[in-house]
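If you read the protein sequences in the order shown, they are chains Z and D.
Taking this note's numbering, the leading residue of the first sequence gets 1, the next gets one more, and so forth.
Taking this note's numbering, the leading residue of the second sequence gets 248, the next gets one more, and so forth.
Don't take every hint at face value.
[To be verified] Computed footprint of chain D on chain Z, listed as stretches where at least three residues anywhere in the stretch have a Cβ under 8 Å from a Cβ of chain D:
id: 1; region: 18 to 27
id: 2; region: 39 to 47
id: 3; region: 62 to 69
id: 4; region: 102 to 116
id: 5; region: 161 to 167
It is worth saying that the hints were derived from the structure and are not from the lab.
The beta-carbon is built from N, C-alpha and C at its ideal position, and this holds for glycine as well.
2 protein chains.
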Amino acid sequence: MSNATIELLESHRSDRSFLATPVSEDVLAQVIEAAHRGPTSINAQHISLVVVRDPGHRARIAEIASGQTWIGKAPVFITVVVDFYKTSLAAELAGKKQIIHASVEGFAAGAVDAGITLGNLMIAARALGLGIVPIGGIRQDAQAMIKLLDLPPLTFPMVGVCLGYVDKPAQQKPRLPIATYRHDETYKKAHLLEEITAYDKELMAYWRAIGRTDGLPWSANTANAYQQVYFRKTAEVARSQGFAFEQ
Amino acid sequence: MSNATIELLESHRSDRSFLATPVSEDVLAQVIEAAHRGPTSINAQHISLVVVRDPGHRARIAEIASGQTWIGKAPVFITVVVDFYKTSLAAELAGKKQIIHASVEGFAAGAVDAGITLGNLMIAARALGLGIVPIGGIRQDAQAMIKLLDLPPLTFPMVGVCLGYVDKPAQQKPRLPIATYRHDETYKKAHLLEEITAYDKELMAYWRAIGRTDGLPWSANTANAYQQVYFRKTAEVARSQGFAFEQ
Chain Z
1 MSNATIELLE
11 SHRSDRSFLA
21 TPVSEDVLAQ
31 VIEAAHRGPT
41 SINAQHISLV
51 VVRDPGHRAR
61 IAEIASGQTW
71 IGKAPVFITV
81 VVDFYKTSLA
91 AELAGKKQII
101 HASVEGFAAG
111 AVDAGITLGN
121 LMIAARALGL
131 GIVPIGGIRQ
141 DAQAMIKLLD
151 LPPLTFPMVG
161 VCLGYVDKPA
171 QQKPRLPIAT
181 YRHDETYKKA
191 HLLEEITAYD
201 KELMAYWRAI
211 GRTDGLPWSA
221 NTANAYQQVY
231 FRKTAEVARS
241 QGFAFEQ
Chain D
248 MSNATIELLE
258 SHRSDRSFLA
268 TPVSEDVLAQ
278 VIEAAHRGPT
288 SINAQHISLV
298 VVRDPGHRAR
308 IAEIASGQTW
318 IGKAPVFITV
328 VVDFYKTSLA
338 AELAGKKQII
348 HASVEGFAAG
358 AVDAGITLGN
368 LMIAARALGL
378 GIVPIGGIRQ
388 DAQAMIKLLD
398 LPPLTFPMVG
408 VCLGYVDKPA
418 QQKPRLPIAT
428 YRHDETYKKA
438 HLLEEITAYD
448 KELMAYWRAI
458 GRTDGLPWSA
468 NTANAYQQVY
478 FRKTAEVARS
488 QGFAFEQ
């Protein structure tokens, strides 16, 4: 097989400097077909995509995601929808009552498969020369996304991605040391604090190198975000769509 | 870029006929490094991997996942762990109190990023000539996985993957029609039942073609699984690890 794929994965970066250059239907179809072949839990295929090209709709999504202007600029936005509506039709056809959507397990399976799908969309797009940026910020107001995309009950717009050609590729941000990520046989806690402290310094050096004066150490940035529920309405909207977290 | 990547994504299949041939440390390191470069929500990097090579441990995981014997055969098993323990250390360093893990939003972000990671592991492995099969079945008894891998609080073993060289590549199962997957601008419900019915027939023809006599139509198979919470203890174990789904 090809090391081009490994290089593509290792060079992952989020791009935001999108050009107006359109994405052809042929390229988009290849990206979507590649994602469509990804696996899903028990082959339930509980994922759907909504492709938005309409500039007015993209401007609205940019607003929903707290003013991420690149959503308005990139010619294509794809929303990855966890879709237990489609499987509920399967249950109807088989004369059964679907209950999975009301459980933590159902939500977990749907969210993991949304992640696999998002990953495949990003890799396929980059393999075809496009730039991408994943957008969790649609969960900031998932109800507005549901209205805009006309999503049925038992679905949830989990995450999205901008696709387009880019002006200049973004820099690649350093990651936490691999020793905090890979564990062998069992999880090792002993050196984590030390590794995180080293990474905080490395990330600050990176911010300085690219001239970003508001960059924080990883621990401070993560702590700021995680001392709150930063997309506050995820639970409320998921519950109103039928995801009950009952057990 | 390379169409080899598109071909790889479009040829996705789950392999189960693993050979005893070992996976070298060099190949494994490349696979893990590729996954490590994937994006995470707000760059929180709330994912860890636990690599299991030990045959006794793999046999135990096969048992936990309801007797999936291929886990015992493939030389490497990787568990993708949602890890809010690591981020809680960041909060500690920054003198803040982490609350994200107690929310649906935190669980959603962690599960999506586990999916991106799983996808990257699968693609990188296949790019290097390995076969893979994703394993959600570790959630069948997530508590036993936590014990085996010595996972700390605020973590959850979301999904796993077998890696190894394979004897003969598996067949590729047909997917639901693309018209049930891709929607443009808004979600279209009108033709879903019709498309599902057509797919049920296509899948039955596939089962017959590969000589599998216990194969069910997609709708019946999905309905059977989803009329219950098929991994029953996901919620209970997640809650005991600190994922409260409070809001």
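Against the structure, the hints:
| no. | hint | in the structure |
| --- | --- | --- |
| 1 | 18 to 27 | violated (count 0) |
| 2 | 39 to 47 | holds (count 7) |
| 3 | 62 to 69 | violated (count 0) |
| 4 | 102 to 116 | holds (count 13) |
| 5 | 161 to 167 | violated (count 0) |
When held up to the earlier numbered hints, the structure conflicts with 1, 3, 5 and fits the remainder.
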